[in-house]
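Q: The task is simple: from the sequences and hints, build the whole structure.
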Amino acid sequence: MLDTLIIGGSAAGTAAAIYAARRNLNFLLISKDFGGEVATSGEIENYPGFPHTDGIELVEKFREHLEKNKVQMELDAEVVSITQVGDHFAVTVRPDGMLKAGDKLGAVKANDMKQYEARTVIFATGVHPRELNVPGERELRTKGLSYCKTVVTIGGGNSALESAIMLSGIASKVFVLNKNPAFKGDQVLIDKLSKLPNVEIIYNAQTAKILGDKFVSAVEYKDPSGETKTIEAQGVFVHIGMVPNGSCAPAAVEKNQFGEIKTNCIGETNLPGFYAAGDV
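Residue numbering for the sequence shown follows our numbering, beginning at 130 and increasing consecutively.
Some hints here could point you the wrong way.
[To be verified] Here are the in silico distance ranges between beta carbons for each label pair: (1) T359 - L325: 19 to 25 Å; (2) H194 - D216: 28 to 34 Å; (3) R259 - G178: 27 to 33 Å.
[What the hints assert, rightly or not] The calculated EDC-like cross-link candidates involving lysine to aspartate or glutamate, where the alpha carbons are at most 16 Å apart (straight line), are: (4) K321 - E172; (5) K190 - E207; (6) K308 - D342; (7) K384 - E397; (8) K302 - E361; (9) K343 - E361; (10) K308 - E260; (11) K358 - E329; (12) K308 - E349; (13) K391 - D408; (14) K338 - D352; (15) K278 - E329; (16) K338 - E361; (17) K243 - D225; (18) K338 - E356; (19) K351 - E361; (20) K243 - E207; (21) K278 - E166; (22) K308 - E356; (23) K338 - E260; (24) K384 - D408; (25) K338 - E349; (26) K321 - E174; (27) K308 - D352; (28) K302 - E329; (29) K243 - E203.
Hints were generated in silico from the structure; no laboratory data involved.
We put the CB at the ideal spot given by N, CA and C, even for glycine.
A: Here it is, written out as structure tokens:
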């Protein structure tokens with residue numbers, strides 16, 4: 130039986146694994162997508178010790194640190210369920226990651242799974258982007274990026290600001306649709322964005338629809354008067370917040386109204402032995 134099972138391979142999971150290794154615990158780190166949201170980040174300027182880096186470089190540093198500490202990892206693996214059994218936890222894992230196209234969870238055979246037992250679990254699965262839930266969003270996903278074309282970034286926080294700044298260097302025109310009257314991100318990013326000549330910011334814009342056949346062709350939004358307006362664009366990037374990856378957590382774990390796991394100041398949940406760390 131493992132002393133602890135760490136689920137998640139981004140900043141929180143990596144930190145937990147390093148400390149577990151230094152304590153000489155018997156443990157395993159499981160990650161479906163090593164690096165998580167960090168791996169998809171462009172420029173990173175707010176991580177201690179790295180005045181300027183990017184997601185790929187930072188995730189590689191995570192991996193190097195884990196390997197230096199000889200951390201045992203199972204990557205590209207998806208946790209299907211976590212069950213409390215007496216004084217420990219039983220964890221079911223699909224070794225080859227997410228369900229294949231057309232698969233249903235109920236159709237997965239038991240012998241395709243791995244079973245682990247651990248006295249404690251550190252749940253550090255992170256978050257995934259919140260969806261707009263507008264027509265065309267899912268149908269046209271991954272069908273929108275063209276270099277030197279017009280693109281639209283949707284959102285009002287740091288992720289949207291960083292996205293627009295990065296895109297301004299490869300797109301001829303960047304529109305930023307913010308449903309609020311002002312940005313909620315860091316002032317340094319707002320100032321940087323406002324100085325870019327090929328960026329146009331539209332406030333109080335409620336995204337209504339993403340248009341296109343095989344590829345993105347336009348975005349519809351409503352202005353404060355309710356009038357629908359259209360921006361012709363070849364790419365759309367949505368940054369409207371994150372949703373916790375908590376679906377495989379035990380059903381008895383308490384969550385708040387946003388679906389985030391409730392913890393105390395040291396990461397304990399209401400289930401003894403089950404801890405949560407990071408954005409989850």
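Q: Hey, K338 versus E356, does the alpha-carbon distance stay inside 16 Å?
A: OK: K338 and E356 at ~13 Å, within 16 Å.
Q: Are the Cα atoms of K338 and E260 separated by 16 Å or less?
A: Answer holds: K338 to E260 is near 12 Å, not above 16 Å.
Q: Starting from the range 19 to 25 Å, see whether the pair T359 and L325 falls in it by beta-carbon distance.
A: holds, 23 Å
Q: Quick one, are K190 and E207 close enough, alpha carbons at most 16 Å?
A: At roughly 23 Å apart (the allowed maximum being 16 Å), E207 and K190 break the hint.
Q: Check the hint pairing K338 with E349 against an upper bound of 16 Å on the C-alpha distance.
A: holds, 5 Å
Q: Holds or violated: K308 with E260, Cα cutoff 16 Å?
A: Holds, because 14 Å separates the two Cα atoms, which is no more than 16 Å.
Q: Does D408 sit within 16 Å of K391, going by the straight-line distance between their CA atoms?
A: Cα-Cα ~11 Å, so holds.
Q: Take a quick look at whether K278 and E166 sit within 16 Å of each other, Cα to Cα.
A: violated, 25 Å
Q: Decide if the proposed pair is consistent with the structure: K308 and E349, CA atoms, cutoff 16 Å inclusive.
A: With Cα atoms ~13 Å apart, K308 and E349 stay inside 16 Å; holds.
Q: Is the hinted pair K302 and E329 satisfied, with a Cα-Cα distance of at most 16 Å?
A: At roughly 8 Å apart (the allowed maximum being 16 Å), E329 and K302 satisfy the hint.
Q: Hey, K302 versus E361, does the alpha-carbon distance stay inside 16 Å?
A: Answer holds: K302 to E361 is near 11 Å, not above 16 Å.
Q: Assess, step by step, whether the Cα of K384 is no farther than 16 Å from the Cα of E397, and give holds or violated.
A: holds, 13 Å
Consistency note: the structure conflicts with the earlier hints numbered 5, 6 and 21.
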